[in-house]
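Produce the entire structure from the sequences given, and follow the hints as far as they go.
2 protein chains.
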Amino acid sequence: MKLATLRDGTRDGRLIVVSRDLKRAAPADGIAPTLLAALEGWSAASGALVRLSEGVNAGRAPGLFDLDVRRLCAPLPRTWQWLDGSAFHSHGDLMQQVFRLAPIEGKLTRPLMYQGGSDDLLGACDDMPLPSENDGIDFEAEIAVVLDRVPMGTPPSRALEHVRLIMLANDASLRVLAPVEMKTGFGWVQAKPSTAFSPVAVTPDELGPAWRDGRVCLPLHVHWNEREFGHPSGAEMGFGFHELVAHAAYSRNLSAGTIIGSGTVSNETYRTVGSACIAERRGIELVDTGRSVTEYMKFGDRVRIEMFDASGQSIFGAIDQKIVRAS
Amino acid sequence: MKLATLRDGTRDGRLIVVSRDLKRAAPADGIAPTLLAALEGWSAASGALVRLSEGVNAGRAPGLFDLDVRRLCAPLPRTWQWLDGSAFHSHGDLMQQVFRLAPIEGKLTRPLMYQGGSDDLLGACDDMPLPSENDGIDFEAEIAVVLDRVPMGTPPSRALEHVRLIMLANDASLRVLAPVEMKTGFGWVQAKPSTAFSPVAVTPDELGPAWRDGRVCLPLHVHWNEREFGHPSGAEMGFGFHELVAHAAYSRNLSAGTIIGSGTVSNETYRTVGSACIAERRGIELVDTGRSVTEYMKFGDRVRIEMFDASGQSIFGAIDQKIVRAS
Chain Y
2 MKLATLRDGT
12 RDGRLIVVSR
22 DLKRAAPADG
32 IAPTLLAALE
42 GWSAASGALV
52 RLSEGVNAGR
62 APGLFDLDVR
72 RLCAPLPRTW
82 QWLDGSAFHS
92 HGDLMQQVFR
102 LAPIEGKLTR
112 PLMYQGGSDD
122 LLGACDDMPL
132 PSENDGIDFE
142 AEIAVVLDRV
152 PMGTPPSRAL
162 EHVRLIMLAN
172 DASLRVLAPV
182 EMKTGFGWVQ
192 AKPSTAFSPV
202 AVTPDELGPA
212 WRDGRVCLPL
222 HVHWNEREFG
232 HPSGAEMGFG
242 FHELVAHAAY
252 SRNLSAGTII
262 GSGTVSNETY
272 RTVGSACIAE
282 RRGIELVDTG
292 RSVTEYMKFG
302 DRVRIEMFDA
312 SGQSIFGAID
322 QKIVRAS
Chain U
2 MKLATLRDGT
12 RDGRLIVVSR
22 DLKRAAPADG
32 IAPTLLAALE
42 GWSAASGALV
52 RLSEGVNAGR
62 APGLFDLDVR
72 RLCAPLPRTW
82 QWLDGSAFHS
92 HGDLMQQVFR
102 LAPIEGKLTR
112 PLMYQGGSDD
122 LLGACDDMPL
132 PSENDGIDFE
142 AEIAVVLDRV
152 PMGTPPSRAL
162 EHVRLIMLAN
172 DASLRVLAPV
182 EMKTGFGWVQ
192 AKPSTAFSPV
202 AVTPDELGPA
212 WRDGRVCLPL
222 HVHWNEREFG
232 HPSGAEMGFG
242 FHELVAHAAY
252 SRNLSAGTII
262 GSGTVSNETY
272 RTVGSACIAE
282 RRGIELVDTG
292 RSVTEYMKFG
302 DRVRIEMFDA
312 SGQSIFGAID
322 QKIVRAS
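Here the protein sequences come in this chain order: Y and U. Here the numbering used here is used: the first residue of the first sequence is 2, the next is one more, and so on. Here the numbering used here is used: the first residue of the second sequence is 2, the next is one more, and so on.
Hints are computed from structural coordinates only; laboratory data are not their basis. Predicted, not measured: the structure shown is a model, and the values here were computed from it. One or more hints might be untrue.
Examples of chain U residues toward chain Y, derived with CB under 7 Å [claimed, not checked]: (1) Phe66; (2) Trp81; (3) Leu113; (4) Met153; (5) Gly188.
Under the rule of at most 25 Å between Cα atoms (straight-line distance), these lysine-lysine pairs were calculated in the DSS-like manner [what the hints assert, rightly or not]: (6) U:Lys323 with Y:Lys184; (7) Y:Lys323 with Y:Lys24; (8) U:Lys323 with U:Lys299; (9) Y:Lys184 with U:Lys108; (10) Y:Lys108 with U:Lys323; (11) Y:Lys184 with Y:Lys108.
Cβ-to-Cβ under 8 Å is the rule here; a few derived chain U residues that face chain Y [unchecked claim]: (12) Gln98; (13) Asp121; (14) Thr185.
Every residue gets a Cβ at the ideal spot worked out from N, C-alpha and C, and that includes glycine.
Written out as structure tokens, the structure is:
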């Protein structure tokens with residue numbers, strides 16, 4: 002099942018069910034007004050949503066319409082919590098190089114995670130307004146899961162039961178500010194503007210065997226200004242989402258609608274598969290030549306983030322957005 | 002005006018207006034169903050709320066009832082964002098001692114801030130369930146402000162216009178986990194369980210001249226198991242709330258309902274006025290004797306946090322809660 006949120010002038014938008022080929026959709030607000038409401042009452046809503054989804058895929062559903070993804074906001078335009086891991090070890094290693102950071106103690110045995118703003122999330126085709134090109138604007142292509150309520154103390158073995166939806170994210174970063182904030186130990190506030198998400202969120206079954214061991218085992222395709230930048234696979238996550246969820250729930254309940262991110266997707270074979278953020282490329286350049294030459298994004302630059310199934314069908318639709326100066 | 006949220010079985014509770022002496026209240030859900038809704042439409046709601054408040058204070062309002070603060074949840078039982086500063090420099094200095102941390106670069110010129118969980122906030126009299134006494138359970142008594150929508154780039158000079166409400170917080174910390182997470186640079190997730198807030202949130206005018214320069218210039222009284230622990234004043238904030246709000250809004254819009262915290266209230270005269278968290282006392286002991294002797298909280302321990310006006314009236318009501326083992 003594929004779900005999305007239609008922009009309708011309200012802060013939370015209107016829930017719709019989208020066909021597998023992303024071409025058609027039908028309103029689902031008779032079942033739950035918003036995706037957040039559906040997640041809060043998942044056991045009551047999901048059966049009816051699945052039945053509607055079957056109708057949409059078969060081309061017969063009340064109110065069926067041709068989908069224009071530009072009319073979508075983020076599947077969750079706002080939600081109660083956005084916790085982002087950094088679960089790809091090769092990403093961490095390169096960040097350490099490029100920002101000349103000390104190695105993080107215990108990072109192979111204990112997930113890294115920060116809390117980001119979840120109050121103002123961007124749609125896949127929304128412009129991303131930022132204050133200054135001098136802040137080192139970078140994209141970060143990630144995979145994220147959406148949870149129903151997870152009680153405090155849920156172990157990894159029970160955590161995947163709570164993964165209701167999967168989506169892609171552009172967790173943009175301001176790389177000049179990031180190391181300054183990181184050195185305080187308090188995590189990032191200014192360095193993390195609004196995150197953008199893929200047009201649709203899908204239930205794990207849509208991924209078939211590519212969803213295994215709490216990982217999305219498919220390449221994530223990233224383009225910067227129409228040029229391929231990388232296609233690292235989600236299979237190399239150093240911790241699975243079950244471990245990230247359990248980590249987050251150690252001392253708190255996670256409310257329905259919580260989003261957990263993978264961190265920038267990255268593979269050990271980065272020389273072959275490329276990267277999912279600019280800072281990594283700068284790290285590789287530094288290792289190879291002693292100097293980073295690739296510059297960060299300028300206003301007007303675009304980033305495109307997409308993932309395809311075995312048949313070449315875009316699973317989540319594309320994040321395709323432009324960086325603009327905040328007015 | 003004093004606002005609170007009555008527990009009614011829903012996740013967001015029911016908005017009520019409370020009398021200045023905290024003895025009576027009247028339902029305000031005819032004006033806005035929840036406090037979050039009131040904040041999202043503040044310009045429309047506030048006039049009617051003020052008129053209702055005048056009636057409540059005069060002892061005549063529809064549905065007026067005697068208030069039992071134990072029936073209240075947090076003013077915002079959940080909200081879109083909770084950003085907590087660390088604006089009292091003497092607190093930071095003592096934390097540096099007790100956790101043997103390196104000095105934080107630029108901390109006198111750039112506010113420190115982390116993002117905490119805002120999806121599951123505790124009421125003032127709620128038990129605080131935690132997984133283990135071995136994690137170093139500490140209270141942290143703070144002052145917090147609640148904002149309406151703050152556009153990205155709002156300068157300090159315009160930030161106080163967005164402060165709609167003020168309240169107290171117990172931003173509990175798990176001190177064994179906190180330095181481990183801090184050293185990663187990612188901020189705190191496991192070390193920061195659900196934060197609790199005072200029974201009522203008040204508009205800044207309720208503080209009279211004690212609200213000045215973006216600071217609440219009154220002592221914050223903290224008791225641990227019925228014994229006085231400290232009463233440091235909010236006047237010594239190293240950054241005012243206007244600076245914290247502007248810092249947070251540098252690269253993002255802050256949605257209505259965002260809470261910004263002061264960090265643990267702390268004064269340079271901590272030997273006289275005491276502290277608002279246990280870790281500070283342990284830092285002082287370390288400085289004085291080379292050894293911290295005060296232990297962290299045990300299950301069954303209580304903390305009480307309260308602030309009084311010049312006439313001795315409790316402004317926000319008391320946070321008075323017990324630490325319990327999570328079931």
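Going down the list of hints, with the structure as the test:
no.	hint	in the structure
1	Phe66	violated (30 Å)
2	Trp81	holds (3 Å)
3	Leu113	holds (5 Å)
4	Met153	holds (5 Å)
5	Gly188	holds (2 Å)
6	U:Lys323 with Y:Lys184	violated (34 Å)
7	Y:Lys323 with Y:Lys24	holds (23 Å)
8	U:Lys323 with U:Lys299	holds (10 Å)
9	Y:Lys184 with U:Lys108	holds (11 Å)
10	Y:Lys108 with U:Lys323	violated (34 Å)
11	Y:Lys184 with Y:Lys108	holds (16 Å)
12	Gln98	violated (15 Å)
13	Asp121	holds (5 Å)
14	Thr185	holds (5 Å)
Hints 1, 6, 10, 12 from the earlier list are contradicted by this structure; the remaining hints agree with it.
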